[in-house]
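Colleague: Each chain is listed here by its residues.
Protein chains: 2
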Amino acid sequence: MYKDKILYRLRSFRKGFLSGEELARRTGISRTMVWKHISSLRGQGFTIEAVPSQGYRLAAEPDLLRKQDIASGLKIKVIGRDIQLFTTLVSTNTAAMELASKGAVEGTVIISEMQTGGKGRLGRKWISPKGNLYLSIILRPAIPTHKAPLITMSGAVAVASAIRSVCGVAVGIKWPNDILVSGKKVCGLLTEMSAEQDRIRHIVLGIGIDVNMRPDELPPDIRALTTTLSEAKGSTVNRTVLLRQLLRDMDHWYRQFLVQDADVLAEWKKLNVTFGRRITVSGTGELLEGIAQGIDEDGRLIVKQNNGVLRLIAAGDVTILKR
Amino acid sequence: MYKDKILYRLRSFRKGFLSGEELARRTGISRTMVWKHISSLRGQGFTIEAVPSQGYRLAAEPDLLRKQDIASGLKIKVIGRDIQLFTTLVSTNTAAMELASKGAVEGTVIISEMQTGGKGRLGRKWISPKGNLYLSIILRPAIPTHKAPLITMSGAVAVASAIRSVCGVAVGIKWPNDILVSGKKVCGLLTEMSAEQDRIRHIVLGIGIDVNMRPDELPPDIRALTTTLSEAKGSTVNRTVLLRQLLRDMDHWYRQFLVQDADVLAEWKKLNVTFGRRITVSGTGELLEGIAQGIDEDGRLIVKQNNGVLRLIAAGDVTILKR
Chain B
-14 MYKDKILYRL
-4 RSFRKGFLSG
6 EELARRTGIS
16 RTMVWKHISS
26 LRGQGFTIEA
36 VPSQGYRLAA
46 EPDLLRKQDI
56 ASGLKIKVIG
66 RDIQLFTTLV
76 STNTAAMELA
86 SKGAVEGTVI
96 ISEMQTGGKG
106 RLGRKWISPK
116 GNLYLSIILR
126 PAIPTHKAPL
136 ITMSGAVAVA
146 SAIRSVCGVA
156 VGIKWPNDIL
166 VSGKKVCGLL
176 TEMSAEQDRI
186 RHIVLGIGID
196 VNMRPDELPP
206 DIRALTTTLS
216 EAKGSTVNRT
226 VLLRQLLRDM
236 DHWYRQFLVQ
246 DADVLAEWKK
256 LNVTFGRRIT
266 VSGTGELLEG
276 IAQGIDEDGR
286 LIVKQNNGVL
296 RLIAAGDVTI
306 LKR
Chain C
-14 MYKDKILYRL
-4 RSFRKGFLSG
6 EELARRTGIS
16 RTMVWKHISS
26 LRGQGFTIEA
36 VPSQGYRLAA
46 EPDLLRKQDI
56 ASGLKIKVIG
66 RDIQLFTTLV
76 STNTAAMELA
86 SKGAVEGTVI
96 ISEMQTGGKG
106 RLGRKWISPK
116 GNLYLSIILR
126 PAIPTHKAPL
136 ITMSGAVAVA
146 SAIRSVCGVA
156 VGIKWPNDIL
166 VSGKKVCGLL
176 TEMSAEQDRI
186 RHIVLGIGID
196 VNMRPDELPP
206 DIRALTTTLS
216 EAKGSTVNRT
226 VLLRQLLRDM
236 DHWYRQFLVQ
246 DADVLAEWKK
256 LNVTFGRRIT
266 VSGTGELLEG
276 IAQGIDEDGR
286 LIVKQNNGVL
296 RLIAAGDVTI
306 LKR
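Which chain is which? The protein sequence lines are B and C, in order. The opening residue of the first sequence carries number -14 in this note's numbering; numbering runs sequentially from there. The opening residue of the second sequence carries number -14 in this note's numbering; numbering runs sequentially from there.
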């Protein structure tokens, strides 16, 4: 309450300094209480300069997502019908799967500023400090289960498109769905689903994009293979703008998938950086080496092994070997 | 307590009648209470004859499944590691999916004497009165999601094998996985799974077999297309014996699937009654007619349409047209 009043005063007078005395008088509290609220605001991420004998000045606001900023005037049809924003969650995917099983509407988007137990593919962790984007989208497509990989591919195409248009950097997709900028990973996708043999009940598309985090927030082994959008662009990226563009592009590509899934495959192929390259595939129980030839209509990678045998790969990790 | 004592007396003297007076004396209760417990036992399905001036005689016990009868000496490796038996459940599949998400061991089997909300394929109901078999098996195979249909096919092969060996009747499989006896359906399978794009977390194989139910317990439209095992065999089928054989066969075919899934496909093909027949496929948004040619390696039905075009069908209902 008093903190909001102090913030309001600081926001209305950004060009100069407001003395502690004046802030105390205008809000009706003691100078000691003003100082306490200033400390609290700093703890929330506000940068507040303090100069003796001059007072306080709001230098920068924390980069926080706000629902109204994300949702206003989006003009989308399916994705974002319901947007739920959290400061922290264990995992946006876990939260979304629970909401989906309780009947949440298709297009519900769960966003969190950070995750304490973010999930990656194949049971791995996804390190999720503040400053990035973590979101999960609930979908209910009337498709057979073997078409599910194309949902993840729609997500990859949408992320690549949004990053390219907002950050102006070149983007590639490495099979299965890693998003690469400058040859390094900036985004991972984790799709989870509840299904019967004949139909998908619901599917959750989880997206984690490394945007503005400090590079040293990742362990060195992961750091070597990844980058952030701000590092690639050379400046801080506005997460709200990126998120809005992503929701728009996802809305477009998801609806395109429902109408004509071959269009998603075609766009994915244009963006891919795997075809024609010598690769290894691990995580399938064997280490396989060969040339990536393409993907089949269900998104499986076609690899020509050194002995000439063609293999269809449904799951695994690809490493692109140096030329 | 007293009811158990009366049951014990009746069981020990099946060849003749026990008077109400003698039952009252031996259990230490009044003749009126004896009569009340006899009524209660009849309500539980015991057939107890009563002849004036002679007394009571236990003519038949209810056909109830008992855990020790099912489990003792089964000699199976995976299926049935944990057997949970219920008198009534909403749905064995729903119960199994919940247990699986809480970490239940692979091979856990959930059995219920009846279901109040039994589920069929594609969101349909599975009418589940007493007298039949309803069970769900929790599996955790390390396979990609597109191989999931082969789990259902393993189940179909196991059910067909168990029915054939216990009931001595000819059994066929109609794509996708209806079990037919005398050309009519006696069993349905419903597979549900929780999965990521790269891996299955858990899969629940639900099996409902119409064994001894009265035919009039089904509505006429379903009745026309279905039969029960007792109807086909001409006598009551021992459900415990059938269930034990099914668990054994499922254990065999599931482990065979993990080692060499082509063996499951080969056995399924031998049992199928769809290939070479003129069929219609519905439930896919269009009504498709043609000749069933076979299945591909992922279990999809190959149909040659009248115009010569081959179609791959992943989901739907097949009707075999008369020759």
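Keep in mind that a hint or two might mislead.
Which copy is meant is left open, so a pair is good if it fits within one copy or across any two.
[Unchecked claim] Derived lysine-lysine pairs resembling BS3-like cross-links, with alpha carbons at most 30 Å apart:
(1) K110 x K(-12)
(2) K307 x K115
(3) K307 x K21
(4) K21 x K52
(5) K0 x K87
(6) K218 x K289
(7) K170 x K307
(8) K110 x K132
(9) K110 x K62
(10) K132 x K87
(11) K110 x K87
(12) K(-10) x K110
(13) K289 x K132
(14) K60 x K110
In case anyone wonders, no lab produced these hints; they're calculated from the structure. Keep in mind that this is a model prediction, so the values were computed, not measured.
Colleague: Give a verdict on every hint.
Modeller: Against the structure, the hints come out as follows:
1. K110 x K(-12): neither (37 Å within a copy, 57 Å between copies)
2. K307 x K115: Answer is neither: 34 Å inside a copy and 65 Å across each miss the 30 Å cutoff.
3. K307 x K21: neither (56 Å within a copy, 85 Å between copies)
4. K21 x K52: within (28 Å within a copy, 67 Å between copies)
5. K0 x K87: neither (50 Å within a copy, 57 Å between copies)
6. K218 x K289: Classified as neither; 36 Å inside a copy, 54 Å across copies.
7. K170 x K307: So K170 and K307 pass the 30 Å test inside one copy only (16 Å; across, 58 Å).
8. K110 x K132: Both. Shortest intra-copy (26 Å) and inter-copy (25 Å) distances satisfy the 30 Å Cα cut-off.
9. K110 x K62: neither (32 Å within a copy, 33 Å between copies)
10. K132 x K87: Answer is both: 24 Å inside a copy and 28 Å across each meet the 30 Å cutoff.
11. K110 x K87: Both. Shortest intra-copy (26 Å) and inter-copy (20 Å) distances satisfy the 30 Å Cα cut-off.
12. K(-10) x K110: Result: close neither inside a copy nor across copies, 40 Å intra and 59 Å inter.
13. K289 x K132: both (24 Å within a copy, 22 Å between copies)
14. K60 x K110: neither (34 Å within a copy, 39 Å between copies)
Hint compliance for this structure: hints 1, 2, 3, 5, 6, 9, 12 and 14 are broken, all remaining hints hold.
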